[in-house]
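K.L.:
Combine both chains into one complex, guided by the hints.
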Amino acid sequence: MKILVTIKRVEDYESKIKVKPDNSWIVTDGVNYRANPFDEIAVEEALRLRDTNMPSEVVVVSVGPAAAAAEIRSGLAMGADRGILVKHDAFVDSDGVARVLKAVIDAEKPDLVLMGKQAVDVDDNVAGQLLAEYLGWGQATFASKKESLESPEEKAKKPGIRLTADKKSAQVAREVDGGLEILEVQLPAIVTVDLRLNVPRYASLPNIMKAKKKPIAEMTPQQLGVDVVPKVKVVKVESPPQRAAGVKVPDVQTLVQKLHSEAKVI
Amino acid sequence: MATILVVAEQSNGHLKKATLSALTAAQQVAKNTGANIAGVVIGAGAGQAAQDLAAYGIPVHVVEGAAFEHALAETHSAAAAEVAKKAGAGEVVIAATAYGKDIAPRIAAKLGAGLASDVLAIVGANQFKRAMWAGNAIATVEVTTPMKVVTVRATEFGAAQKGQAAGTVTPAQVSAPQPKTKFVEFNEVKSARPELTEARVVVSGGRGTKGDFKPIEQLADVLNAAVGASRAVVDAGWQPNDLQVGQTGKVVAPQLYVAAGISGAIQHLAGMKGSKTIVAINKDAEAPIFQVADYGLVADLFKALPEMAEAVKKLQ
Ligand SMILES: Cc1cc2nc3c(=O)[nH]c(=O)nc-3n(C[C@H](O)[C@H](O)[C@H](O)COP(=O)(O)OP(=O)(O)OC[C@H]3O[C@@H](n4cnc5c(N)ncnc54)[C@H](O)[C@@H]3O)c2cc1C
Ligand SMILES: Nc1ncnc2c1ncn2[C@@H]1O[C@H](COP(=O)(O)O)[C@@H](O)[C@H]1O
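Taken in sequence, the protein lines are chains X and E. Per the numbering used here, the first sequence starts with residue 1, numbered consecutively. Per the numbering used here, the second sequence starts with residue 1001, numbered consecutively.
Same shape as in the complex, but just chain E (with noise of 0.2 Å):
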């Protein structure tokens, strides 16, 4: 029977959420198809991030050493093609994360198969659904191939459930390529706040706070909430790249989405729509995020979230 071969993400040996949602894409698939589904970690701490997937139920392959460390393409594709092929995989999934689009490109290209990127919806056995035009469009695609790589928006998939029995951890032999790439530094932004694409609540700001977050991040502050940004925020510099919502930055879909100062422009909704209710506060009445909005009040941000911020302090 064939398998579907779930590639994980981890860091530090720490599961990233995002893979959980790849794993329910598999099942689906595997409910149509009626395959087998094995996971692959790879990378420095992959040994500790396998255990926490095979609690899901699914046999895991380790790719762990000095060659694997970084998460280089060439290297992290390389093997998770290797282990694809000696599971007799037909099928490998992965979750549309940096990391994901950074490899599965390379791993279909290895296994001649056809990629469906950034999948929003497994139709059949090969047909998904995925958004173009910046959102403008949902297609049906159809992968010919009989091997298939498929990376998923991890929002629209929820997180699998853990399994009965943990499924067996076993490492992986790969060979490992020689790299014509080499990892300098990571420039982490560290913060304290939940990450962007898993938080309950996201207040994101954009040019209408002139760079002043602080009314962005009091309000977040009481929220529990992660913190984003238009591009135009993050093209000036006030806040770093890694807070940008929309069709080329992150995408999320919160219980609660509060946009201050962001005019709406279709690249920004294509980040943020999924969202289950949508809170527009701008000077503009017109700006068109108050056609996604649920709630839209019109209004100066620097007034209204600092009143807001207290408003729900006094509720909790």
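Here chain X stands alone, though its shape is the one from the complex (with noise of 0.2 Å):
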């Protein structure tokens, strides 16, 4: 089976992130990249059900700057197979990039599409329904499993994804609120991944060495027939409100009775 997989380069979430003074943007000097945690989880599921299920592939795309290439061959180190850069450097919306992907699987034709449930930095959380619904494909947002990380079928590395006997629909299940939900989706379909599906694997160093030599096929939104002027601009950014700093309390009681008589909460 072809199974492609979304990588967006995001802001390193460990690095200081702080507005811009004239609140355009945030400041991206002296910021690390890396690709997103999701999409981590989205590939690391992808390589488990291409072993389980040979013979298989593993495409891995992206939207974004020349750098990008970078996250797509962290992705190839991790054991994808190839990539696929679409290249523009001015900001795309989550609509502006289900768009582009959408051009992509049309040309790709993959049985399965998995991807980040949200980006860390713009945290929308829609760019795989909305792909999902421009495909006119069945969806499973928020792929979880039912056992933990710490599980025995996690350390054997089995993919929380099953596909059926026929291999022609796959059972997820679901991080919804107030439970889990399994649902069963016709292939091809898009699933977004959740953090609890899996933890993802390290890239080795002989892996690595052989991600460069990988291919990876550059285009353009143009290229494919792609219009991708945000339906949504960002038109200012701006630090969010500074908690008032609190006080430290030397034991229980006089907590509980600064709860009580100061803050009123109980």
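Read the hints as simulated data drawn from the structure, not as lab findings. Misleading hints may appear alongside valid ones.
[Stated by the list, open to error] Within a straight-line C-alpha distance of at most 25 Å, the following computed BS3-like cross-link-like pairs (lysine-lysine) qualify: (1) 168/X x 1283/E; (2) 210/X x 2/X; (3) 258/X x 1283/E.
Model, not experiment: these values are computed from the prediction.
P.N.:
Encoded structure:
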């Protein structure tokens, strides 16, 4: 089967994020970049599915600046087979990303598309669902698994997404409000992944070396015939309101007394 | 005049409280634009939940029937989009719950609408505030399309007030698409405690609990509180995923949030910074959680929480 996985280049969540003085965007100087953590989980799941369903192929796709080739390489170093970079320097909103991905998918015709549930820069949580609708496919969002990340299944690197016997559908456990829902979705389908689906592998040194030789095809939204003028523009970026500094209390008695008579919450 | 359509969330005839926050957001938009508000309730039990929603003084459309029994994104988004078109809606508003996040983008794609997600505030007719980079920045976004879909963060909008006269409830005739997705089962996490996102008090535990949530639950019992958890706890399988508070879990804003054995990573703070009063209990005086806590106690949670439960009991 052919599995397509999307990877977004995002600011490293360990970097300090500060707003620019002119409120146009965040300061990017000195910020590190990496693959969106949810997308790494999507790559890991794709690799597990590939390796239990040979022959199969995993293709990683990113929409972004030339530098996003680094995040595609990181997916290839984890074990993906080849990459596609749709180059665009300016901001592309999640809707633009979904329409670009539709064009790529129309050409690639994968059996399954795995995406992160949300990009940790824009925190949108919409691209997968938009793409599913544009393609007219079924979707299973927020994929998780019943077993914990410390379970024997996880240690054995079993995929959490289970293909049915005829390989025409997949069963997906989803994290929803109030519990875990199981859906069966016909392939091809869009699955967006949550944090508890798996623990992504680290790339080994030999695999990093091998990844350097794997092919990355490059194209542009224009070549794909997609207009990426955003439907949703970011007009201003501000720092979040700061909470006033609190106090340290010496003991439980003082704490409870303050909660009672000062904060009046108990 | 344009209409704003509020897509309600319900389960088994019970209207979810987050819907009333979505209604408040819609009322704020309507105040700017003079639009009318209508509601739509979809799925098994929709008729009953629609009565509840209509009590807020808006006309409500009902979509029921076997095809819509389960909350499948394909069928529910199709129904909502069709009702939106028939009602001549210029804007669709939904609470940014798991359900809302699942269906809103598909509605937007069907309507050719731009989508502002997880909105914190209405700035104007086309502009909305929303958090980015785990709450490290607040962006003002502008939806440039004539049609708009907005999902709203329920904790940022109070529940709407009941209207003087109830609105009408009418069944909507919509076509049932053939979904490519099938519901298999729902493994519900049952709890006698208040719902995490609606509770007045939340007591959350982190990795510092080492998986032993008894002290957390004891305190939650005396405070009639919901129990929350950090990602570390949920990843380890110590507590169900449904309890995770943070950037990728639930966003809560109770009157009182007690964080015990939680370090205070930015992704956790993203889900609880809006709480009125924050208490942090941590062994490590340098833990970042103390930077957002109104009251910080440097202590072992296994000693402090039972003591706190006793002290609260004495007050009652
Ligand atoms: C993309 C992404 C999304 C994420 N989303 C979320 C999210 O939604 N929610 C979330 O919570 N995290 C999230 N995280 C994880 C987050 O970065 C932290 O790893 C996590 O919050 C840490 O959990 P913790 O505070 O329980 O554990 P730790 O950071 O290990 O902290 C444990 C704390 O317990 C204290 N402690 C230990 N023993 C005791 C004791 N006996 N008494 C008192 N204190 C004690 C320690 O001093 C320490 O401060 C996300 C991470 C990423 C990358
Ligand atoms: N520029 C991009 N390139 C590749 N994938 C993307 C891009 N933007 C979003 N995605 C994918 O869509 C998911 C959801 O993103 P979003 O809806 O924008 O929060 C991410 O986890 C990625 O898998």
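K.L.:
If a hint holds in the structure, say so; if it does not, say that too.
P.N.:
Verification of the supplied hints:
no. : hint           : in the structure
1   : 168/X x 1283/E : violated, 52 Å
2   : 210/X x 2/X    : holds, 21 Å
3   : 258/X x 1283/E : holds, 20 Å
In this structure, only the earlier hint numbered 1 is contradicted, and the remaining ones agree with it.
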